[in-house]
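Engineer: One-letter residues, chain by chain:
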Amino acid sequence: MDTTQLLKGVLDLAVLAVLREEDGYGYDILRRLREAGLEEVGDASVYGTLRRLFAAGLLTTYVVPSESGPHRKYYSLNTAGRDQLTRSGKLWCSFATTMNALLDDRGMAA
Amino acid sequence: MTVTEQEITDYVARVQAALADLPPAVRDELTEDLPEHLAEVAAEADGSLVERLGEPEAYAAELRAAAGVGAGSRGRGLDRRFGAATAKLRERLDRWDVQLGPPLGYPRVTEFLRLLRPAWWLLRGYLAAMLVTVATTGGTFGLVPSLNGSELAGLVLLAGSVLASVWLGHHTPGLSRPKRRLLHAGTLVLVVFALVGLVNVDERARWGGDYGYQQISVDDRYDHVQDVFVYDSEGRLVENARLFDQNGDPIRLGYPDCLTEQDLNGAGNPLLRPYPYCPERAPFAPRPPAASPPAPGLPPLSIPSGTPTAGPEPTVGATATPEAAPTAGPTPTTETAPTPAPSRT
Chain A
1 MDTTQLLKGV LDLAVLAVLR EEDGYGYDIL RRLREAGLEE VGDASVYGTL RRLFAAGLLT
61 TYVVPSESGP HRKYYSLNTA GRDQLTRSGK LWCSFATTMN ALLDDRGMAA
Chain B
1 MTVTEQEITD YVARVQAALA DLPPAVRDEL TEDLPEHLAE VAAEADGSLV ERLGEPEAYA
61 AELRAAAGVG AGSRGRGLDR RFGAATAKLR ERLDRWDVQL GPPLGYPRVT EFLRLLRPAW
121 WLLRGYLAAM LVTVATTGGT FGLVPSLNGS ELAGLVLLAG SVLASVWLGH HTPGLSRPKR
181 RLLHAGTLVL VVFALVGLVN VDERARWGGD YGYQQISVDD RYDHVQDVFV YDSEGRLVEN
241 ARLFDQNGDP IRLGYPDCLT EQDLNGAGNP LLRPYPYCPE RAPFAPRPPA ASPPAPGLPP
301 LSIPSGTPTA GPEPTVGATA TPEAAPTAGP TPTTETAPTP APSRT
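In the order they appear, the protein sequences are chains A and B. Mapping the first sequence onto the UniProt record's numbering, position 93 (from 1) lands on 93, and the numbers just tick up by one. Mapping the second sequence onto the UniProt record's numbering, position 194 (from 1) lands on 194, and the numbers just tick up by one.
Please keep in mind that the hints were generated in silico from the structure rather than gathered at the bench. Heads up, some of the hints might be wrong.
As the list claims (entries may be wrong) - Anything over 10 angstroms on all C-beta distances counts as not near chain A; from chain B, calculated:
id	residue
1	H37
2	V50
3	Y59
4	L63
5	F112
6	P178
Claimed, not checked - Derived Cβ-Cβ restraints for the label pairs, each shown as a range:
id	chain 1	residue 1	chain 2	residue 2	range
7	B	D46	A	E21	52 to 62 angstroms
8	A	E21	B	G160	22 to 32 angstroms
9	B	T9	A	W92	16 to 26 angstroms
10	B	G68	A	K90	20 to 30 angstroms
11	B	G68	A	E21	37 to 47 angstroms
12	A	E22	B	D46	24 to 34 angstroms
13	B	T9	A	E22	28 to 38 angstroms
14	A	E21	B	A159	53 to 63 angstroms
15	A	R31	B	A135	48 to 58 angstroms
16	B	N200	A	G57	48 to 58 angstroms
17	A	V63	B	A58	27 to 37 angstroms
As the list claims (entries may be wrong) - Stretch-level coverage of chain A by chain B, calculated; a stretch enters the list once three of its residues show a Cβ under 8 angstroms from a Cβ in chain B:
id	region
18	22-29
19	38-49
Please read all numbers here as calculations on a predicted model, not as lab measurements. Yeah, the Cβ is synthetic: ideal placement off N, Cα and C, and Gly gets one too.
My request is simple: use the sequences and hints to build the entire structure.
Structural biologist: Here is the structure:
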């Protein structure tokens, strides 16, 4: 099991999380994820996830003209997105706590 | 930066090719900011895009999986095969694009074609004007547009449609998808119209506005002619006359419908007989030596204040010499005969 496989399950949550404070465009979001420590996240995965979250109605988009190069499509959380983030976040935290406890019992805590 | 615009374009094209089985709307949506993304990746560090992001096909697969779009919704197997086929076709076109570019003096054929785009806009405007022309005048395909028969209005129309076409050309990328589709449908109509028109004009140009042959011998004017009677300047019927045109071809008029000795002798083609076929039917009686004839004689030509029009082409030798006049002596019967002409000489 490597990080990539783990990421698949939580990438939605990670993307929603980095959008909570500030809107961002694709590459910007990718960079924030990497800065947060998710080095192995794939470019295409992030872009694909953004599309899927948008299609699910959790994100809204708007286009910002840039002085250099093409227009940028910015993503931002809408109400449904925030609710989803809250719910998923709680779920993750309880899951993570459970996992940590499980591993801790077996003497494998980080 | 070691990554060129070209590399980015190629990468995008290959990703799109790998997603070819998706509905175009979904595919475009998935890849719309890919070029921008690749540009940022390229600006960030060295190395080729493939080194950094993996093969475009793998990228496409990841994108597809993350976005949660499978293969096309209907007829999975068929769609996938179709998608694979189009992807292969795209790849091949892409290769030709690169291979055939240098002979044209450009890195790619598409670059060359892109330069021709404004020319197409002009042509498109012209074609639209011609379509309006044909639609309003109802049919004939000319070369100059006109509106309700007015060439001036046609030129205004032409200028308008060319400007509109150029404007449209500049703004096509900004159009919404349905509008762009409408535009493409319109373009298709124009292209078909242009091909039909071209064939049409070409056909007429080949004919040279004519029918390829000259209508001559078949002429109503001579349909009623049954026989030809030739009279000399003295008004005497010329027998066994033959008529020729300037090329020496015999002129055949009328048809023999009376029997002659020749026929009885069975000599020759009746159609080759000299005129008149039937001398006894001559409209002007041959002059009797001295007469007060009931049948009107044909007066000699040399009479200046001439006589009711002599029907059958007696104008032959109209410049009858005055010397000929005295020979009228043998037939001095008519009062008009006394030959005043010689006095003129």
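Engineer: Which earlier hints can't be squared with this structure?
Structural biologist: Of the numbered hints given earlier, those the structure breaks are 1, 3, 4, 7, 8, 9, 11, listed in rising order.
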